[in-house]
Amino acid sequence: GSMKAASICSSDQAGCHFLSLANLFDRVIQHSARMHGISNDLHSEFELYFLPSKNQIGRVNRNCHTSTILTPNGKEYAQRIAREELTEVILKLLVAWRDPLWHFHQNMAQQLTFSHFSSNKSLEMSDMVHELQKGVQKVAEKMQTLGIISNSLGNLGSPKALLASDGAEWRLMNDYDLLYCFRRDSNKIQNYLKILKCRTVPEHGC
Amino acid sequence: MAVSLSSVVLLLLLIIALNWLPAPGSAFLIDRDPTTSSATLEPHFTDCISRDQETFRCWWSPGGFHNLSSPGTLRVFYLKKDSPSSEWKECPEYIHKNRECFFDANHTSVWIPYCVQLRGQNITYFNEDDCFTVENIVRPDPPVSLNWTLLNMSPSGLSYDVLVSWEPPPSADVGVGWMRIEYEIQYRERNATSWEALEKQPHTQQTIYGLQIGREYEVHIRSRMQAFVKFGEFSDSIFIQVTEIPSKDSTVPFTLVLIFGIVGVLIVIMVIVASQQQRLMMILLPPVPAPKIKGIDSELLKKGKLEELNFILNGGGLEGLPAYATDFYQEEPWVEFIEVDEEDAEGGDKEDNCSSDTQRLLGLPHRNTEGFSAISPPDDDSGRASCYDTDLPEHDTQMLMVSLLPGQPEDDEASPDAPASETSERPLIQTQIGGPQTWVNTDLYAQVSNVMPSGGVVLSPGQQPKIQENSSGSERETQKGGKLSEEEQKKNEPQFQLLVVVPEGSGYTGENEARQTSTPPSSPVPGSGYQTIQPHAMETKPAATTDASQSPYILPESPQSQLFTPVADYTVVQELDTHRSLLLNPPPSQSPSLCQQQHPLKAPMPVGYITPDLLGNLAP
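In the order they appear, the protein sequences are chains A and B.
Just so we're aligned: the first sequence equals residues 1 to 206 in my numbering.
Just so we're aligned: the second sequence equals residues 207 to 826 in my numbering.
One or more hints might be untrue.
From the structure, some residues in chain A lie toward chain B, with a derived Cβ separation under 8 angstroms [stated by the list, open to error]:
| # | residue |
| --- | --- |
| 1 | 92 |
| 2 | 134 |
| 3 | 191 |
| 4 | 197 |
Note that these hints are calculated values from the structure, not bench results.
Nothing here was measured: the structure is a model prediction, and the numbers come from that model.
Beta carbons: idealized from backbone N, C-alpha and C, even for Gly.
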């Protein structure tokens, strides 16, 4: 479903705004959890059908195209960086995965290696990334409106501004790596969103 | 396509055979082949686990190389692949007694691949499968503070639902949102071997449905990260048991109350039955109305004490008798008295005090303008088995009454087909209302003085019958006879039908039979004694008689009756003579008055007696 910012209350009270922000957060977190679940399922299925060679796991450089994006790798880091930075990281990740997932789905639909069930999941995954990105953008705008974060984010609506690179590196990944990387990144996104919410609106279910 | 499918199937079989499904990033073998002897096994890592996604630990084993089991002989190195130029570092913290390497928060990075290896003196034991990312090796701690509450009981009281609640593990920082845990509850009966697992869910409470009363259940919970595979350890078990004690307390007094209630109701019923015994007797066993004359004891009659009987009937005046009677039959309330009360005159009877007993008995108004319509028997029982049936007298009484009282007021209601007739079984009589009365004061209870050999019955009416001209006579109508009225009207005399009592008690004979009996000649003598109702040859009765219905009728025959010496209605039987004749008290002096013999109890007793032999000799 689309990520629409449904305001429960229409008045301009501060509490009401925060309540709607908390609701927004809940929606995007729920969305990201589902996305991570699907990516996990797809990865497990992929492993079931295609046993990876042992060497694949042990490769030093896992060729994830999002490795260039600096992301906090621990709880303290995630709590220490500014909210704007965290929000930006989330959005960068989401933007970076839109095209690869779309192409992955296209490939999967043509290939017969995966079951129909997996093909549906890849499509759903691709759509979710798109929707989640819009949702997080709305959350960021809401936070900017409320003054929680500054306007230093710039133009969040432009994906190109967020792309760390030209975006062609993802074509070098094979399917298995793609699934592995996206599974990792979706977990990151889920984690960061939860931390961001508990840092912003902690009284609403943390 | 088929080739690829078959290859997939083969691969699947291979996986199952090897019992090996490596999780990405966690290449630790779950089940080592036990057959391989430990001697040939090289040092390896047994497991790496993170409890809170902030730290993690790795354990190793020397394998078959026991000389490497001493601490310090084997060293742990790890590689954190956060940059292409990363290198192997040694374990930041050793716990030798556990052969454990602990990585604290500073050395733990999530989403970054780690690889660990064991190094001996000169040998490096490295397994490429021992690379992982921290989020994939997270096994959360079990929840704490488990407790349960009873939700509800089933209506049968045999099963119940329980709500189990707990708190997330303290090591997992769920408040910050760093860890999202989902829980799995498992429960089993005390003596069972396998556990029942409920669906995994992220909330800190869950309901277990359908536990059985009296059994003890064991419940434990384990947790894992959402959308991940590895579960943590199970929590400590809690035990759930609900016995029947609470329900018993509520049922025991309930049964006692029920028992006492039933006993009390039974006692009340018995009391009621005992107190209202006589009334119940009345209801359950209605008394057979035996004709009893008030004030007369049947015992006296049997003993033959006529003197006392006479005294009872006459003596003490009116006042004494009722008092005696009431005393006498005080204890028999179910005895129905034949009340003969002069004051109990029906409406319209005031002109003439001498309404016949019959009329009074039946409650008919004297000379009322209303006519009889069809009178149907009150009950539905149309079959008359025997003439001794108690219902018969009433039935016949009505018949008799109707027929004996043709002299209902003149004019109107000459319509023969006024009332609706009932079923064909029941005899209907419609009296013609019209014309002067003939038998206006004929009593219903006419005493049968004699039964003629021909079958006729000699009645002794209590009063002088007022024989008048009868222009229309009574009519009778069956359902079929609609033409009777016209014919009847032509007659001057009422046509009567005799009621023949057959000795064997087989009921009543039909009209035709009755007609066949010969009739003694009789001439109507007004003011004389009794009349004889005899089978009368009715010549002109074609339509009605041809109906041949077995309905008993009786039509009084006034002009042909003979009147003998007046005999009271209720002649007192003085005694029985040797001939088994009834010695009757002589009737009082007859007067043309019609008021005679109204109250046989008050009138002077007739003297003399009449035997059946003498009846024939009597002549007016």
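Status of the hints after comparison with the structure:
no., hint, result
1, 92, "15 angstroms, violated"
2, 134, "22 angstroms, violated"
3, 191, "7 angstroms, holds"
4, 197, "6 angstroms, holds"
Comparing the model with each earlier hint shows violations of hints 1, 2; every other hint is respected.
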